[in-house]
Amino acid sequence: MAGRRGDLVTNLPALTKREFTANFYSPMAYVIATFYLLFAGLSFYILLRDQRDANAMRSLLTFLGFIHTIFIPMVTMRLISEERKSGTLEMLVTAPVSDTEIAISKFLGATLFTALMIAPTTLFTWVLTRINGRPDIGMIQASYVGLMLLSMSYIALGLFISSLTANQIVAAILTFVTLFTFYFLVGFLTGSAESLPFHEKIPWPDILNYMHFGAHLQSFGKGLVDSRDVVYFASVISLGIFLTIKSLESRRWR
Amino acid sequence: MIEVANLTKRYAGFAAVDNISFKVDKGEIVGFLGKNGAGKSTTMKMLSCFFPPTWGSARVAGFDCVTDSMEVRQRIGYMPERVPLYEDMRVEEYLDYRARLRGVPRRARSSAVNEVISTIGLKDMRRKLIGSLSKGYRQRTGLAEAIVHKPELLILDEPTAGLDPGQIRQVREVIKELGKRTTLLLSTHILSEVEITATRILLIHKGRIVANGSPGSLVGGAQSSRRFRAEIRGPVAMIEAMLKGLPGLKGLSVAPGEEWSVFTIDSDLEQDLRADVAKFVVDNGWDLRELSEEKRTLEDLFVQITTTDEVAPPGAPAPVSTPVAPAPEAPPAEPLKEWPEGGATS
Numbered sequence: 458m459a460g461r462r463g464d465l466v467t468n469l470p471a472l473t474k475r476e477f478t479a480n481f482y483s484p485m486a487y488v489i490a491t492f493y494l495l496f497a498g499l500s501f502y503i504l505l506r507d508q509r510d511a512n513a514m515r516s517l518l519t520f521l522g523f524i525h526t527i528f529i530p531m532v533t534m535r536l537i538s539e540e541r542k543s544g545t546l547e548m549l550v551t552a553p554v555s556d557t558e559i560a561i562s563k564f565l566g567a568t569l570f571t572a573l574m575i576a577p578t579t580l581f582t583w584v585l586t587r588i589n590g591r592p593d594i595g596m597i598q599a600s601y602v603g604l605m606l607l608s609m610s611y612i613a614l615g616l617f618i619s620s621l622t623a624n625q626i627v628a629a630i631l632t633f634v635t636l637f638t639f640y641f642l643v644g645f646l647t648g649s650a651e652s653l654p655f656h657e658k659i660p661w662p663d664i665l666n667y668m669h670f671g672a673h674l675q676s677f678g679k680g681l682v683d684s685r686d687v688v689y690f691a692s693v694i695s696l697g698i699f700l701t702i703k704s705l706e707s708r709r710w711r
Numbered sequence: 002m003i004e005v006a007n008l009t010k011r012y013a014g015f016a017a018v019d020n021i022s023f024k025v026d027k028g029e030i031v032g033f034l035g036k037n038g039a040g041k042s043t044t045m046k047m048l049s050c051f052f053p054p055t056w057g058s059a060r061v062a063g064f065d066c067v068t069d070s071m072e073v074r075q076r077i078g079y080m081p082e083r084v085p086l087y088e089d090m091r092v093e094e095y096l097d098y099r100a101r102l103r104g105v106p107r108r109a110r111s112s113a114v115n116e117v118i119s120t121i122g123l124k125d126m127r128r129k130l131i132g133s134l135s136k137g138y139r140q141r142t143g144l145a146e147a148i149v150h151k152p153e154l155l156i157l158d159e160p161t162a163g164l165d166p167g168q169i170r171q172v173r174e175v176i177k178e179l180g181k182r183t184t185l186l187l188s189t190h191i192l193s194e195v196e197i198t199a200t201r202i203l204l205i206h207k208g209r210i211v212a213n214g215s216p217g218s219l220v221g222g223a224q225s226s227r228r229f230r231a232e233i234r235g236p237v238a239m240i241e242a243m244l245k246g247l248p249g250l251k252g253l254s255v256a257p258g259e260e261w262s263v264f265t266i267d268s269d270l271e272q273d274l275r276a277d278v279a280k281f282v283v284d285n286g287w288d289l290r291e292l293s294e295e296k297r298t299l300e301d302l303f304v305q306i307t308t309t310d311e312v313a314p315p316g317a318p319a320p321v322s323t324p325v326a327p328a329p330e331a332p333p334a335e336p337l338k339e340w341p342e343g344g345a346t347s
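The listed protein sequences correspond, in order, to chains A and B. Positions 458 to 711 (our numbering) are the ones given, in order, by the first sequence. Positions 2 to 347 (our numbering) are the ones given, in order, by the second sequence.
So that you can see chain A by itself, here it is in the shape it has in the complex:
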């Protein structure tokens, strides 16, 4: 981890480029992206029956945020697991690059890929414009920001989990379970906070609501980019990357 000055600047572009392009070398990426877009298109089609304004996009993006709990683990599972299994991780960490650079580049590579995967859905906005005339573009943009921040949080957590195991399937399942827990179980518990231990003393609903991904998406759906929510997602992302760095470093004390 002992970094030279300017390290981050010198190696990050090369590493990130590799991480991003690596997605396209495997058929997996195309399969994931195809299914994802089919899914998104179908959802949009169904949503259009009831909603013919920007709400359709908001509902779609909120729904995609949920669907990402399945798709993002498929993107992140290979990030470190694969390199651990094939041994290329040893080549990577013995090159003069820091563990921080490795973690960040892998995060950025997956983020770029996800952004690319989401990008075609912006066409739906154009469809809306044709149908509706003047959808609330600001609301749609904010929803995209929210979806991207949510996805990046997923990626950061998925990246960390991928660093824990050499088995991609295990990484994918663990990531899915983790994301699903954050997305659903936490929300579910908020509703039944009365049954949680020490509920007289501990403000469970507040805590759980703060932890809950979905709660932080709401304001984006209203067209607001609230700094509190941005800070929340930024914290999750930083935590995921930080844990990944520590996990990479852990070879030093094992």
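It should be emphasised that the hints constitute simulated quantities derived from the structure, not laboratory data. Treat the numbers as computed from the prediction; the structure is a model and nothing was measured. Fair warning: there could be bad hints in the mix.
What the hints assert, rightly or not - A partial selection of chain A residues facing chain B, derived with a Cβ cut-off under 8 Å:
no., residue
1, 471
2, 479
3, 482
4, 483
5, 541
6, 543
7, 545
8, 547
9, 548
10, 550
11, 551
12, 552
13, 553
14, 708
15, 709
Unchecked claim - BS3-like, lysine-lysine: derived pairs with alpha carbons at most 30 Å apart:
no., chain 1, residue 1, chain 2, residue 2
16, A, 542, B, 36
17, A, 542, B, 136
18, B, 181, A, 542
19, B, 181, A, 474
20, B, 36, A, 474
Heads up, the beta-carbon is just placed ideally off N, CA and C, and yes, glycines get one too.
We have chain A; now place chain B onto it with these hints.
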């Protein structure tokens, strides 16, 4: 170039590398020899800054592998045993990427890659996917990667493992060429390989260095005594008694057979006991079927040292500076002392 002092790597319950110290000077080609699991790879992984030692220190070109890891990593080329490569990249693309990570400046990069491709003999493969390469070419790609930034020290972990004899010869040629340019530390369990390529051998066993010297001196050490093998038909006890009276005898072991018994006779370097033995046998009216001298090789040293623990009785201290090990099928009548203290260090 390399200074290793009291280097130790402990895993729960055992030491993979146990307090080893050695030095490698600039320009040397050092062969790291040992069985699987002896600690070769672990030592190399510490030198390449993959993980730090439990204690002790390793320095490369004056930089500590833990505190100045980046400096060390920039100066070494490392090829791990499994030669991990990105299967999905093309040879040229991979080399360019790695050169970039290794800090080869943009302008020098394509010439560095071209140079290494022609040095290693990858010209016809440059556009091929690494995943589609044969084992030999994979190995070459790994080697090319390790030298693309012109490292001061090259660490190769079993560079010829898993290759066919033709490929081994080719890779060995490449290694010999590389040895002329950089300091080289390579590990192997193929003895002929180090005998051909290395200027010095470090023999490692159970995490300790048990021998350190040039191939010649180690084999020379092996020849400080001579071993003869005789197959004789006759009363074993009597023959044994007679042989024990030979001048300059250092050791004797017998493998009795139904008819023919095999006698292994060790003597001083100056003595050639064959004539004496033949005379004995004939004089006593026994039969002699074979009488020959066993030439000692590095392989004997290797086998002898590395089989020590399997043969030694439990509780016996493991001989380190003067490994003494009987051949498993023929326990010696008295301890053999072939290896001089000078040739081996603890």
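A quick look at each hint next to the structure:
| no. | hint | in the structure |
| --- | --- | --- |
| 1 | 471 | holds, 5 Å |
| 2 | 479 | holds, 7 Å |
| 3 | 482 | holds, 3 Å |
| 4 | 483 | holds, 7 Å |
| 5 | 541 | violated, 10 Å |
| 6 | 543 | holds, 5 Å |
| 7 | 545 | holds, 4 Å |
| 8 | 547 | holds, 5 Å |
| 9 | 548 | holds, 5 Å |
| 10 | 550 | holds, 6 Å |
| 11 | 551 | holds, 5 Å |
| 12 | 552 | holds, 5 Å |
| 13 | 553 | holds, 4 Å |
| 14 | 708 | holds, 5 Å |
| 15 | 709 | holds, 5 Å |
| 16 | A/542 to B/36 | holds, 24 Å |
| 17 | A/542 to B/136 | holds, 18 Å |
| 18 | B/181 to A/542 | violated, 34 Å |
| 19 | B/181 to A/474 | violated, 35 Å |
| 20 | B/36 to A/474 | violated, 40 Å |
Going through the hint list in order, the structure does not satisfy hints 5, 18, 19 and 20.
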